[in-house]
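Chains as they are written, first to last, in the numbering used here: chain V, 7 to 276; chain R, 66 to 189; chain P, 4 to 278.
No wet-lab data here; the hints were simulated from the structure. One should not assume that every hint holds.
Derived pair list, reagent style DSSO-like, types lysine-lysine, alpha-carbon separation capped at 30 Å [said to hold, decoys possible]: (1) Lys272(V) x Lys18(P); (2) Lys204(V) x Lys29(V); (3) Lys39(P) x Lys96(V); (4) Lys272(P) x Lys72(R); (5) Lys39(P) x Lys166(P); (6) Lys171(P) x Lys72(R); (7) Lys29(V) x Lys136(P); (8) Lys272(V) x Lys22(P); (9) Lys72(R) x Lys146(R); (10) Lys166(P) x Lys224(P); (11) Lys96(V) x Lys274(V); (12) Lys99(P) x Lys272(V).
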Amino acid sequence: MNNTFSIHRFSLLLKRQWLEFGKIYLITLAVVLGVIITFYGFATWSTIAENYPFSERLLHFREPLFLIFGFLFITVIASSYFAHLGQKPKAIIDLMIPASTFEKFLTGILFTAVLSTISFLVIFYLTDLAFVSKLRSMYHSTSPVSAEESTHAVDSIRYFFSKNNPGEFKSIFVLTPFFVTSLFLLGSIYFNRFHYIKTAISLMIFSGIWTFIIVKAGQALFEGRISVNHGNGNMDDRKFWVELAVFSLMLLLTAIVWSITYVRLKEKEV
Amino acid sequence: MEFRDNKAIYLQIAEYVCEHILLEKWKVDEKVPSVRELAVELEVNPNTVMRTYDLLQNRNIINNKRGVGFFVSDEALANVKSYRKTQFMDEELPVVFRNVYLLNIGFDELETRYNSFVKETFNP
Amino acid sequence: MIKINNLNFGYSKGKLLFKNMSMQLSAGHIYGLLGKNGAGKSSLLKNLAGLVYAQSGTMDVMGYDPAKRQPALLQQICFIPEEFYLPSVKIDAFVKANAAFYPDFDHAYFTALLAEFDIPVTQKLINMSYGQKKKVIIAFGLATQAKLVIMDEPTNGLDIPSKAQFRKIMASVLTEDRCIIISTHQVRDLDNLIDTVIMLDESSIALKASVEEITNKLCFKRVKELDETVIYSEPSLAGFNAVLQNYHQEDSKLDIELLFNAVLAEKNKLKPIFN
Numbered sequence: 007m008n009n010t011f012s013i014h015r016f017s018l019l020l021k022r023q024w025l026e027f028g029k030i031y032l033i034t035l036a037v038v039l040g041v042i043i044t045f046y047g048f049a050t051w052s053t054i055a056e057n058y059p060f061s062e063r064l065l066h067f068r069e070p071l072f073l074i075f076g077f078l079f080i081t082v083i084a085s086s087y088f089a090h091l092g093q094k095p096k097a098i099i100d101l102m103i104p105a106s107t108f109e110k111f112l113t114g115i116l117f118t119a120v121l122s123t124i125s126f127l128v129i130f131y132l133t134d135l136a137f138v139s140k141l142r143s144m145y146h147s148t149s150p151v152s153a154e155e156s157t158h159a160v161d162s163i164r165y166f167f168s169k170n171n172p173g174e175f176k177s178i179f180v181l182t183p184f185f186v187t188s189l190f191l192l193g194s195i196y197f198n199r200f201h202y203i204k205t206a207i208s209l210m211i212f213s214g215i216w217t218f219i220i221v222k223a224g225q226a227l228f229e230g231r232i233s234v235n236h237g238n239g240n241m242d243d244r245k246f247w248v249e250l251a252v253f254s255l256m257l258l259l260t261a262i263v264w265s266i267t268y269v270r271l272k273e274k275e276v
Numbered sequence: 066m067e068f069r070d071n072k073a074i075y076l077q078i079a080e081y082v083c084e085h086i087l088l089e090k091w092k093v094d095e096k097v098p099s100v101r102e103l104a105v106e107l108e109v110n111p112n113t114v115m116r117t118y119d120l121l122q123n124r125n126i127i128n129n130k131r132g133v134g135f136f137v138s139d140e141a142l143a144n145v146k147s148y149r150k151t152q153f154m155d156e157e158l159p160v161v162f163r164n165v166y167l168l169n170i171g172f173d174e175l176e177t178r179y180n181s182f183v184k185e186t187f188n189p
Numbered sequence: 004m005i006k007i008n009n010l011n012f013g014y015s016k017g018k019l020l021f022k023n024m025s026m027q028l029s030a031g032h033i034y035g036l037l038g039k040n041g042a043g044k045s046s047l048l049k050n051l052a053g054l055v056y057a058q059s060g061t062m063d064v065m066g067y068d069p070a071k072r073q074p075a076l077l078q079q080i081c082f083i084p085e086e087f088y089l090p091s092v093k094i095d096a097f098v099k100a101n102a103a104f105y106p107d108f109d110h111a112y113f114t115a116l117l118a119e120f121d122i123p124v125t126q127k128l129i130n131m132s133y134g135q136k137k138k139v140i141i142a143f144g145l146a147t148q149a150k151l152v153i154m155d156e157p158t159n160g161l162d163i164p165s166k167a168q169f170r171k172i173m174a175s176v177l178t179e180d181r182c183i184i185i186s187t188h189q190v191r192d193l194d195n196l197i198d199t200v201i202m203l204d205e206s207s208i209a210l211k212a213s214v215e216e217i218t219n220k221l222c223f224k225r226v227k228e229l230d231e232t233v234i235y236s237e238p239s240l241a242g243f244n245a246v247l248q249n250y251h252q253e254d255s256k257l258d259i260e261l262l263f264n265a266v267l268a269e270k271n272k273l274k275p276i277f278n
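Just chain V, with the same shape it has in the complex:
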């Protein structure tokens, strides 16, 4: 018998965890869906129901909504996934389930990083689709946009995901939810109670310290010096290197945080 990974056990574990964790998951998802619909409803109600004229500003709430609630949703899910291991009776049952630590860990990643991100994107996409289609069927609005060559008209009632298409730094956008959830997943197994708030506070302190160090280091290194612009760097080239650097750093950090989480799970005692 393979004691590290078996597809059969892994699928059983996914089913089992869904039974355990699915309820919290679906409730959280329903709350987030409710919030999204409320925002869309409030913003577009006067236009859809009372025939007020459409203004492009109406849809400006979408970016903050997407970012804030997306962040909240995936972090809440991640920080509750291993939360029950803080309670002995629940932890015993979980640890005694005949599946390997690796399988239990992988199930956690799948639920928190992959499933939560995808389901948030889907509900946001669908809500946006519903409301914006309705608007598009009622109004036709364009706005002039200055591009490099000429000024042309662009449809201003655009779907969220066609408007905010992460053209550049795509890889970083893809990696971000993995990185964010990895931190909160670690928090959920590291702390025994108040996982979310403790994780959030630790992250703030941690990033505060780093910022301080970097600022101080920057001051120490560059104080009294002048930056000289050689002016011969290719913009695209530089973007590529920046993207690669940020991507690698995030990937590395995510991998580190995941390994710590795995070790914590492996060494969990009750």
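Chain V is fixed; fit chains R and P onto it per the hints.
Relative to the frame of chain V, chains R and P by itself:
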């Protein structure tokens, strides 16, 4: 079954089995309950019942037919009686004697009592 | 089946709960684990199940190291903790989610056990009392057909008829390839089920002996007067309940409570008898 405090469990189970054989609830050449069945019925460890069955086998009260189970042996009745008799003589009679002596009970009185007891209990 | 070698274990580095503990347990027995509060009964059981890690020493459970938490071993362990949690689903949903992890899980047997315990299969776990949940988790654990059955205070929370049912069930599940370890304070609930007594005291095993060995070496009886053969005694209505050395090959009934107190009080007198 309610066990008494003054005797090893496996011996009390032996008494229980002997009682069943004497009263012919379990007849000669019939199968007796398996170790597991009796352990479940009496709520005791099967190893204890096994110890009882070993004892009863040694006294030729039951015998083990390999693969089938335990059976009441042919001479079981006689063996149970002799086994119980030794036990009675060794353990219970001294207690009775002690009381007979302490309470000054005469053998005549005992004999009458004994005869009426047998009459009432066994030939009503 | 289980070999423990020089186990050192404690929840904090300074204070060890077990010091150089060694012990072997074999299949075909019901071991009764006894000890005062805080003697480490639950901790020993958790060590066997791989739920906590020892500071040093080795442990071998059916050829595996429980600390590695390998599925092959976990499938063979039925662990009934004192405090447990069951999700708020119906019994069949619980079984559906968990039984498949155990290749030998016996559904018919599970149903039979529930019937014996008088638990309706369609009931939701959340609406059950502690005792009922305990019966469900015991039935589930036994239906996994695990070779190692570990139970921490299993009769806690069971009502009087359930305790009798529990004893019947435990008598029926002991097979030659199974090892059952039960920790308990309620020795009266289980004393005829236990065939080997393990007693923990002062960070080690104060006594590990089969009931047969104990009653061969010791005699438990009521005496009128105390003399030098009495190892330990407690006053009772008609004299004393006493533990004596068994010089006359008497077959007495083991009184576990009396033995327990004797071990705590007269460890030095008892040690040489059992070694």
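Verification of the hints:
no., hint, verdict
1, Lys272(V) x Lys18(P), "24 Å, holds"
2, Lys204(V) x Lys29(V), "23 Å, holds"
3, Lys39(P) x Lys96(V), "26 Å, holds"
4, Lys272(P) x Lys72(R), "24 Å, holds"
5, Lys39(P) x Lys166(P), "22 Å, holds"
6, Lys171(P) x Lys72(R), "22 Å, holds"
7, Lys29(V) x Lys136(P), "21 Å, holds"
8, Lys272(V) x Lys22(P), "25 Å, holds"
9, Lys72(R) x Lys146(R), "19 Å, holds"
10, Lys166(P) x Lys224(P), "27 Å, holds"
11, Lys96(V) x Lys274(V), "13 Å, holds"
12, Lys99(P) x Lys272(V), "26 Å, holds"
Consistency with the previously given hints is maintained throughout, with no hint failing.
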